[in-house]
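Number of protein chains: 2
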Amino acid sequence: MNKDSVILGVDPGFSVTGYSILKQDSSKVYLIDCGYLKMKSTDSLSKRVGIFFNFFQAKINTLSVTQVSLETSFLGRNAQTFLKLGFLRGILYLLADQHNLELREFAPREIKSAVTGFGGASKDQVANMVLRMFPKLAQIGKIERSDVSDALAIGICGIWQSNNILHKLNNK
Amino acid sequence: MNKDSVILGVDPGFSVTGYSILKQDSSKVYLIDCGYLKMKSTDSLSKRVGIFFNFFQAKINTLSVTQVSLETSFLGRNAQTFLKLGFLRGILYLLADQHNLELREFAPREIKSAVTGFGGASKDQVANMVLRMFPKLAQIGKIERSDVSDALAIGICGIWQSNNILHKLNNK
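Chains as they are written, first to last, in the working numbering: chain A, 1 to 172; chain B, 1001 to 1172.
Misleading hints may appear alongside valid ones.
[As the list claims (entries may be wrong)] Each computed BS3-like pair below joins lysine-lysine, with the alpha-carbon atoms no more than 30 Å apart:
id	chain 1	residue 1	chain 2	residue 2
1	B	K1136	B	K1023
2	A	K47	B	K1136
3	A	K59	B	K1047
4	A	K47	B	K1059
5	A	K136	A	K28
6	A	K23	B	K1038
7	B	K1047	A	K38
8	B	K1059	A	K59
9	A	K47	B	K1023
10	B	K1123	B	K1023
[As the list claims (entries may be wrong)] Covered stretches of chain A (chain B as the covering partner; in silico rule of three or more C-beta atoms under 8 Å from a C-beta of chain B):
id	region
11	17–31
12	85–93
13	146–152
In case anyone wonders, no lab produced these hints; they're calculated from the structure. These figures come from a predicted structure and were not determined experimentally. The C-beta atom is built at its ideal place from N, Cα and C for all residues, glycine as well.
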């Protein structure tokens, strides 16, 4: 991982999308941005896809993002919701291609393990750990906080995994 | 529907994507382009998403597309394939937003019915009917032909449905 790695972690959703932007400078990790994008259900699907694209394109440009981190999604109860999540993930894949970013997906267990050290951690345990690492998160409204803490966990996993790979390469 | 409606019908896929571009000038329908986009499985997902975006952005610009027509997709045997199809569909939703195009999805039954007059028609019946309407299709290689004929059926449904709506509006 380069000294200037800037990781965008995203937890996409058509109503609320949580995101985090973490920067790694030698051995330190800084939180440079986090929050959420809320979209109106009254807007057409294509309009929301466009808003999502513009929002993250602007973040990537302004904050010089170098890497995108996503959680691998699995089929839930609603297949159409699952397919539509694919729309938003596809937009992130497109942005990765257009801006020459590395895009990595992580399994839920890897993300939990990166944050808490335990792959079987509960959602609350992950959120509490993230809150402890980034106390400023407490300022965000409760409802959206879980979207943001999930996105932070995804971003932390991106950094942790990259460091791990680098560590292995250095020890070869 | 305007006199200058140009409909892009797409049958997306990560290996082969069939497409058709039909133009409606008063009561006549012209086939102005059809074919397929083949992508290499050795390319990364984000690269293929980028190729897909660039390909259809160029088609939309060059041929002044005004409308996009898609078949509603349903969950098949493989959930991850289904999710990845969502990536490509999301790109078409984005292009619809960026180029101010109307995007409409049709159920398989509607598409079959638009082409053959019967919602329960077989894939072969649809393909034969499309081949009869557009004999030039026979020049395309057999393997890719079904992707192209599907995309043509999707485009025909887009035109047929729009005319139907206009017909209803005129008779109000």
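Right, here's what the structure says about each hint:
1. B:K1136 to B:K1023: holds (16 Å)
2. A:K47 to B:K1136: Since the Cα atoms of K47 of chain A and K1136 of chain B sit roughly 36 Å apart, the hinted pair is violated (cutoff 30 Å).
3. A:K59 to B:K1047: holds (21 Å)
4. A:K47 to B:K1059: At roughly 21 Å apart (the allowed maximum being 30 Å), K1059 of chain B and K47 of chain A satisfy the hint.
5. A:K136 to A:K28: holds (18 Å)
6. A:K23 to B:K1038: Distance of about 38 Å is beyond 30 Å: violated.
7. B:K1047 to A:K38: holds (28 Å)
8. B:K1059 to A:K59: With Cα atoms ~28 Å apart, K1059 of chain B and K59 of chain A stay inside 30 Å; holds.
9. A:K47 to B:K1023: holds (25 Å)
10. B:K1123 to B:K1023: holds (24 Å)
11. 17–31: violated (count 0)
12. 85–93: Satisfied; 8 residues make the cut.
13. 146–152: This one is violated; 0 residues, fewer than the three required, reach chain B with a Cβ under 8 Å.
Hints 2, 6, 11 and 13 from the earlier list are contradicted by this structure; the remaining hints agree with it.
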